[in-house]
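Asks: Take a look at the letters that make up each chain.
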Amino acid sequence: MNDNSALGAFTLHLALLSLVAVGGVNTIVPELHRQFVEVRGVLTEQQFADMFAIGQAAPGPNVLFVTLIGWHIAGFTGAVLAAVALCGPTCTIAYFVTRVWDKFRDAPWRVAIQAGLVPVTIGFIAASAFLIARAADQTVVAFAITAATAAVALWSRINPILALAAAAALGWAGLV
Amino acid sequence: MTDSAAPSHSARDAPGLSELFVGFLGISLSGFGGVLPWARRMLVERRKWLNERDFAEALALCQFLPGPNIVNLSVIVGSRFRGVPGALAAFVGLVGAPLVIMMVCGALYARFGELETLRGALAGLAAGAAGLLIAMAAKMAMPLIRDGQAAPLLFALAGFVAVGLFRWPLYWVVLVLAPLSIAWCWWRPQ
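Sequences listed follow chains L and G, in order. Add 81 to a position in the first sequence, counting from 1, and you land on the number used in my numbering. Add 66 to a position in the second sequence, counting from 1, and you land on the number used in my numbering.
Note that these hints are calculated values from the structure, not bench results. No false leads were slipped in.
So, partial list: chain L residues that the calculated Cβ filter (under 8 Å) puts toward chain G: (1) Gln195; (2) Gly197; (3) Ile203; (4) Ile213; (5) Asp218.
Covered stretches of chain L, going by a simulated chain G footprint (3 or more residues, C-beta under 8 Å): (6) 128 to 141; (7) 152 to 158; (8) 174 to 188.
Derived DEER-like restraints, expressed as beta-carbon distance ranges: (9) Leu223(G) - Leu97(L): 24 to 32 Å; (10) Arg180(L) - Pro209(G): 28 to 36 Å; (11) Ala176(G) - Pro189(L): 49 to 57 Å.
Note that beta-carbon positions come from the ideal geometry of N, C-alpha and C, so glycine has one too.
Modelling step: build the complete structure from the supplied sequences, incorporating the hints.
Replies: And the structure:
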């Protein structure tokens, strides 16, 4: 029974959070971290960073890393509820808005809203980067991997997934 | 209704439910490290369901809406061609297989997450994932820096400090910061 109410709270929380995910799932990482690591203590720092990393490395939309948290809390049901809670509300909105999009696509307020959300999104993604880096970069090598991956993604045309694979291989070899 | 929303297609050559499902399944499974470039390749170049302009507009709408862009895109494209069933087919195609993969990962992680070699690999992976996030934030900030306006950079900094350093709840930060930033864009000095 206690499990059910915890699961309900988890689902509701994700559904609400999806509505403020102004720049995709990477913007809500800090809040997920706050909720599940700091407030509820469901996950350790390390588990949280691991799950985020698995979500980045696996195929498909990286939003699905949240289903790992769901799986951790309540197995199969938790994973499915996490996916539905995170995608359901915004998909419903998308379904209805796409019908009227033509009417306000060029409206000045639409342009202002979209442009105004960009800085907020950047701040939140930077916060996500900071929190994941703080959990992951416990060694000099790990820190160097973070810097190198960022450089590759910023200044080269190499597929970032190759950088991730190299990072995982270094860790597998016991060097991190 | 759906026809008028898809002027570039007649009802006959609009994709069916199974095509939408398979199309988005393909996008999700080829999309290692970011799905959107694959979505463009599949929707515009390979299957020609959308032309360049349609795709750019659908993407703009996704970026305007909250939530994961690619998931919203599946609903928008699916519903344009086949209404609610189309939206569901595209959504399940996109999310279904990765969801199963994630569950397998979750089970493996619970079972083997503490093994020495796997710990090492995950530590390396997490360090790399942090690097990708840094690059993403930096890429988005570049145009603002080039623009030379101080206010948007200050809003970004405030968001970072409030959420990343002070660890304030995201809701409150969004509710305060977003209206301020939008208002600035509305009245910005030209």
